[in-house]
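Engineer: The chain contents come next:
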Amino acid sequence: MSAPSFAAALAAHGVVARVEARDALAIVTVPNEGAAENMRDADLRRAVVALAAQHGFKTVAIELARATDDRAALPGH
Amino acid sequence: MEPVLTEAARADVATAADSSAVSPGTTTTAHEKEQSLVAWLAARPSVILGFSGGVDSAYLACVALDVLGTARFLAVIGRSPSYPDAQWDAARALAAQFGIPVLEVDTHEMLDPNYVANPSNRCYFCKTELWSVLRAVADERGFHTIVDGSNADDTHDWRPGRQAAREHAVESPLAELGFTKEEIRALSRTRGLPTWSQPSSPCLSSRLPYGSAVTIERLEQVERAETALRALGVAGDLRVRHHGDLARVELAADTLDIWLAAPNLRALVRAVRDAGFARVSVDLKGFRSGSLNVLSTAGA
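As given, the protein sequences belong to chains Y and Z, one line each in that order. Under the working numbering, think of the first position of the first sequence as 1, with each following residue one higher. Under the working numbering, think of the first position of the second sequence as 1, with each following residue one higher.
Worth flagging that the hints you see were computed from the coordinates, not collected in a lab. In this text the structure is predicted, and so the values were computed from the model without any measurement. Where hints are given, some of them may not hold.
From the derived model, a few chain Z residues whose C-beta atoms are all more than 12 angstroms from chain Y [claimed, not checked]:
1) Thr-70
2) Pro-81
3) Val-102
4) Tyr-124
5) Ala-136
6) Thr-145
7) Cys-203
8) Pro-209
9) His-243
10) Trp-259
11) Asn-264
12) Arg-279
Keeping only pairs whose Cα atoms sit at most 16 angstroms apart, straight-line, the calculated EDC-like set for lysine to aspartate or glutamate is [as the list claims (entries may be wrong)]:
13) Z:Lys-285 - Z:Asp-257
14) Z:Lys-181 - Y:Asp-23
15) Z:Lys-181 - Z:Glu-34
16) Z:Lys-285 - Y:Asp-43
17) Z:Lys-285 - Z:Asp-254
18) Y:Lys-58 - Y:Glu-33
Glycine included, every Cβ here is placed at the ideal spot set by N, Cα and C.
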C-alpha cells in the first residue's frame, strides 16, 4: 500500500486529497464539501475505488477535512 | 424513521414473493419450502429458539408457533451489550404482536477474555455462551430441540459461530431446508411480519476490526452513531465501523448520492461526531457484509 502514490494518482484524476493508510484502508480527506459532493457521481466513486485497489487498498473512505488546520495540510492549500 | 430496505432491495424481495419464484438451481418454491419447514417442526416434540427479533428468527418463530403452539415452543432472547436496546424493544414488540412466548435471559460473553480480545473467531465465543445458556433453559424446562435462524445464505459466509452451534447440538432448519434470505423476506411479507423489510442486524461487535478489543464504551459509541443516523433518515443497510478515533460509515450503495450531498453529509458527520468519534468518513463502496474481514488489524 502506498498512500503518496495513491494521492498522486487521485490528483491526476482531478481529486485533490490527502491520503492516510491504515493497513488496507485508505482514508481520503478532501478539503471541502464541494469536493465531497463530487463523489455523488457513481462513475467517479468507482474510479477512485479502482485506483485504490491498484495501489493495494481494499477499502476506501472519504473524509471531510474538519478544520482550517486540516485543510492547510492538504495539497494546494 | 423506520430502517427499511431501499427500493432496489424491496424489488428483489417482491420477485421472491411471487409464488412462482424458485431458488437458483432448484425447482422448489419458497412456499414448498415452508411446507417442508412445517413438517420438520411437527416432527419435533418441542422446540426452543434463539430469538433476536431479526428477519430470520422472527419468521421461524411465527411458523414454529403455528405448528407447535405455546406449550411446545419457546423463543429465548439472549440479552447482551453487543446488541442495541432498540433491537430488544423491537423483538419484544414483535413477540407481543404475534403472541410468541418469550423468555429473556442475560448472556455474559463480555466476561470472557477470549471474546473481548476480538479474534477472528469471536462469534464462536459469543455463541458458545448463548447456546450454553439456552441449553440450560431447555434442560430445565424439558424442551427437546434447540434451533437458530441461520439460513442457507449464511452457510456461504465466514461464520465461526456455526461451530458453537454444532457443539451444542443446535439445529438450523432454515439453512437445512435451503431457505434463502430473500425467500424468508417474501414469506414474512405474506405473513404480515413487519420484519420482512428489515435490514440484517448483526451484533455491534461486528463493527470493530478483529484484534480491536470489544469494550462497552466502543459498543455504545457505535450504537449512538447508528441510532443518530437512523434518526436522520438513513434507510436500509447501515454500519458504523469503528477504527479507533475514526468512524467509517457504510450506507446502502444506492443512497450514497443522497448522503454525499453537502447538507446531508454535514448532518451525517455532526451526528457521528456527537456519538463520540473524532473523525468521520463515508465508505465509497457502500455497505457490504463482512467488510472488516479484509482489513486485518486496521484501527486496532
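Engineer: Now tell me, hint by hint, if it's right for this structure.
Structural biologist: Against the structure, the hints come out as follows:
Non-interface status of Z:Thr-70 relative to chain Y is upheld: no Cβ of that chain comes within 12 angstroms, the nearest being about 47 angstroms off. No beta-carbon of chain Y comes within 12 angstroms of the beta-carbon of Z:Pro-81; the shortest separation is about 26 angstroms. Residue-level check passed: Z:Val-102 sits 38 angstroms from the nearest beta carbon of chain Y, beyond 12 angstroms. Annotated as non-interface, Z:Tyr-124 keeps its C-beta farther than 12 angstroms from every C-beta of chain Y; the closest such distance is 23 angstroms.
At the 12 angstroms boundary, the C-beta of Z:Ala-136 stays outside the reach of chain Y, the nearest C-beta of that chain being 40 angstroms off. With 12 angstroms as the threshold on Cβ separation, the claim that Z:Thr-145 sits away from chain Y holds: the shortest Cβ distance comes to roughly 41 angstroms. In this structure Z:Cys-203 is separated from chain Y by more than 12 angstroms, as the shortest Cβ-Cβ distance comes to about 21 angstroms. Residue placement check: Z:Pro-209 does not keep its beta carbon more than 12 angstroms from all beta carbons of chain Y (closest about 9 angstroms).
Not every Cβ of chain Y is farther than 12 angstroms from the Cβ of Z:His-243; the closest lies at roughly 6 angstroms, contradicting the non-interface assignment. Annotated as non-interface, Z:Trp-259 brings its C-beta within 12 angstroms of a C-beta of chain Y; the closest such distance is 9 angstroms. The beta carbon of Z:Asn-264 is not kept farther than 12 angstroms from every beta carbon of chain Y, the shortest such distance being approximately 10 angstroms. A cut-off of 12 angstroms between C-beta atoms contradicts the statement that Z:Arg-279 is not in contact with chain Y; the least separation is 6 angstroms.
Restraint check for Z:Lys-285 and Z:Asp-257: the C-alpha separation of about 12 angstroms stays at or below 16 angstroms, so the hint holds. Restraint check for Z:Lys-181 and Y:Asp-23: the C-alpha separation of about 33 angstroms exceeds 16 angstroms, so the hint is violated. Pair hint Z:Lys-181 plus Z:Glu-34 holds up; C-alpha atoms about 13 angstroms apart against a cutoff of 16 angstroms. Proposed proximity of Z:Lys-285 and Y:Asp-43 is supported: the alpha carbons are some 11 angstroms apart, at most 16 angstroms.
Restraint check: the Cα-Cα separation between Z:Lys-285 and Z:Asp-254 comes to about 10 angstroms, which is no more than 16 angstroms; the hinted pair holds. Among the hinted pairs, Y:Lys-58 with Y:Glu-33 is inconsistent with the structure: their alpha-carbon atoms are about 25 angstroms apart, more than 16 angstroms.
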